[in-house]
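Start from the sequences, fold in the hints, and give me the full structure.
Protein chains in written order, with my numbering: chain A, 1 to 118; chain B, 1001 to 1113.
What the hints contain is simulated information worked out from the structure, not anything from laboratory work. A few of these clues could be false.
Result set (PhoX-like, lysine-lysine): computed pairs, CA atoms no more than 20 Å apart in a straight line [claimed, not checked]: (1) B:K1100 x A:K53; (2) B:K1001 x A:K57; (3) B:K1100 x A:K57; (4) B:K1042 x A:K3.
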Amino acid sequence: DVKVTQSSRYLVKRTGEKVFLECVQDMDHENMFWYRQDPGLGLRLIYFSYDVKMKEKGDIPEGYSVSREKKERFSLILESASTNQTSMYLCASSLMPQRGQTIYNEQFFGPGTRLTVL
Amino acid sequence: KQEVTQIPAALSVPEGENLVLNCSFTDSAIYNLQWFRQDPGKGLTSLLLIQSSQREQTSGRLNASLDKSSGRSTLYIAASQPGDSATYLCAVPSTYNFNKFYFGSGTKLNVKP
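And the structure:
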């Protein structure tokens, strides 16, 4: 079974702090994703990575950066945390889909990190 | 732009009922559709991935169907149990970028003992 783990379940930080959220997957997936989930707004993609050192911005990248130095690990960085970044952060991974009739890009999610910025 | 809708937003049923959750999408040119379950305060658990070439996919008491032409998928849960209580979400990948997914806002299911 695919396992995606996240470094913390709950995190409390102060405004202005630098925050690292880490995600590790054990299925050799090429793709990794960071989402945030907020009531009424659903899941929104922050960044994704399709290979080591490769990344693409999602819908809401402002205030975030990412790092992928190893295939299994994808980090989300809040350079200077703000209260509006209080949220549930979800990491996911999937295979790299090949264009064709069958696209196998099933996403597997980690348990989530509930971040509170005071 | 693809829009994914799940109605109703919440559903409460007595234990033992068979029930259907709905997922609608505006662009029928999808490659697949994925159903997830989310327990409160936790991540999403993948339930089923149904390819566009399939009409149904089954896993235990769950059966997902897909009708691309009408832009609909349904998740059928047989003999519901209190442990099925959770939020159920559906998602489709963008036709132009398989790494971008459109998620529905979910249906919160409560199965009463």
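- Item | Numbers of the earlier hints that this structure fails to satisfy, in rising order | As far as the earlier hints go, not one is violated by this structure.
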